[in-house]
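**Student:** Now for the letters of each chain:
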Amino acid sequence: MKKLIATILVGSVLSVGVIADDWDDDNPAIFFSEDGADMWLEPQGPNEVSLEECDLGLGAGVVEGAYAQLPRYFEDTGKVMDLEARLVHCMVTLQGRDADEITAHPYSLSGETGTEIEALSTWIAEQSLDMPIQPPQDHDAEKAAYTLGEKLFYYRAGTHDFGCSTCHRQSNTRIRLQELANLTTADGAGAAYGSYPAYRVTQGVVRSMGWRMRDCARQQRLPEMQLGSEASVALQVYMAVNADGAPMTAPTMKR
Amino acid sequence: MAGRMRIRAKMSEEGVVDVKALMRHPMETGQRKDAEGNPIPAHFITEVVAMLGDRELVRAHWGASISQNPTLAFRFTGANEGDQIDFSYVDNKGEKGSGTVKIKAG
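Chains A and B supply the protein sequences, listed in that same order.
Reading the first sequence from the start, the letters are residues 56 to 310 in my numbering.
Reading the second sequence from the start, the letters are residues 369 to 474 in my numbering.
Everything labelled a hint here was simulated from the structure, so no lab data went into it.
From the three backbone atoms N, C-alpha and C, an ideal C-beta is built for every residue, glycine too.
Listed below are the simulated DSBU-like cross-link pairs for lysine-lysine, each with C-alpha atoms no more than 35 angstroms apart in a straight line:
| no. | chain 1 | residue 1 | chain 2 | residue 2 |
| --- | --- | --- | --- | --- |
| 1 | B | 401 | B | 461 |
| 2 | B | 388 | B | 401 |
| 3 | A | 198 | A | 309 |
| 4 | A | 309 | B | 401 |
| 5 | B | 461 | B | 378 |
| 6 | A | 309 | B | 472 |
| 7 | B | 461 | A | 309 |
| 8 | B | 470 | B | 388 |
| 9 | B | 470 | A | 309 |
| 10 | B | 464 | B | 378 |
| 11 | B | 472 | B | 461 |
| 12 | A | 309 | B | 464 |
| 13 | A | 309 | A | 206 |
| 14 | B | 388 | A | 309 |
| 15 | B | 378 | A | 309 |
| 16 | B | 401 | B | 464 |
| 17 | B | 388 | B | 464 |
| 18 | B | 388 | B | 472 |
| 19 | A | 134 | A | 206 |
| 20 | B | 388 | B | 378 |
| 21 | A | 134 | A | 309 |
Covered stretches of chain B (in silico footprint by chain A; criterion: 3 or more residues with CB under 8 angstroms from a CB of chain A, positions within the stretch not fixed):
| no. | stretch |
| --- | --- |
| 22 | 381-392 |
| 23 | 396-405 |
| 24 | 431-439 |
FRET-style restraints, in silico, Cβ to Cβ:
| no. | chain 1 | residue 1 | chain 2 | residue 2 | range |
| --- | --- | --- | --- | --- | --- |
| 25 | B | 435 | A | 158 | 26 to 32 angstroms |
| 26 | A | 310 | B | 407 | 23 to 29 angstroms |
| 27 | B | 422 | A | 153 | 54 to 60 angstroms |
| 28 | B | 435 | A | 132 | 38 to 44 angstroms |
The whole structure should be built from the sequences, with the hints applied where relevant.
**Tutor:** Written as structure tokens, this is what we have:
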């Protein structure tokens with residue numbers, strides 16, 4: 056995977072001298088979004104196929120608006136899936152790649168400057184910009200995911216007896232100078248869920264909602280949250296449903 | 369991945385050009401360590417130059433304290449709509465990047 060990123064990015068270096076456009080933002084997420092757009096079209100894996108036929112919930116190849124309607128139930132896997140789980144699914148089924156290989160290193164580590172999942176998440180989420188967050192709650196599995204997500208949200212565990220709710224069930228709170236969103240309210244959940252993926256200035260890369268779930272679990276001293284796991288997806292469903300149609304603002308820039 | 373730039377140059381009614389250049393660069397200080405504990409070598413832009421034809425608008429000397437994916441922004445007068453501004457930078461490894469923009473009214 057690293058070699059592939061190097062290849063794509065070398066291509067970008069050869070085309071230096073980007074002509075200006077009317078972009079008005081200092082957000083470096085735009086570079087990740089551009090990379091993501093390229094990666095979507097790049098034939099990869101043993102099948103030498105791109106991700107263009109990937110079904111993100113609105114039909115094969117439909118990217119516009121897809122992120123705002125995730126996570127959702129997928130007939131072909133029988134599971135409620137978030138964007139990242141769905142991307143891995145497409146990489147495996149369409150491109151013939153190895154799931155373990157992809158999920159072994161999905162997010163940038165210290166000193167790294169972007170992974171495939173991060174770039175794809177940025178571009179795909181951007182195609183839902185300004186659209187209302189509306190993950191479907193029609194299928195029983197989708198409703199069950201919300202119930203599970205709510206349960207996990209309030210579940211205190213680990214060495215520090217720590218749950219999501221410990222930080223995120225009250226309004227107007229902060230940790231040091233970092234504001235904490237109240238994820239039980241539409242405003243809080245909407246602002247939080249809608250603003251990911253986000254370029255984190257302190258990390259120099261775009262971080263996705265899947266990463267955020269993993270990092271919250273890390274901060275709670277809980278076992279590592281796996282990409283696309285039932286727990287990760289359920290918590291995302293909980294937030295997205297609570298957002299109650301708030302607009303997507305991603306990719307944003309955060310500290 | 370280094371070398372990419374997004375540049376914007378907008379001229380106000382009073383003739384003040386507002387320029388913003390966003391550069392893709394790791395700007396590694398040399399002080400950090402990776403996940404295995406190995407030091408990550410320094411890799412940062414050392415000089416950025418913005419030219420309007422022969423006129424040097426800005427020559428910035430940068431170091432490790434400039435953040436990753438940095439933005440350089442400045443304002444100047446004495447140009448016309450449609451004029452071209454050329455950016456170039458060099459980093460401590462000798463790698464270069466460049467970009468160009470035409471001034472627009474805005």
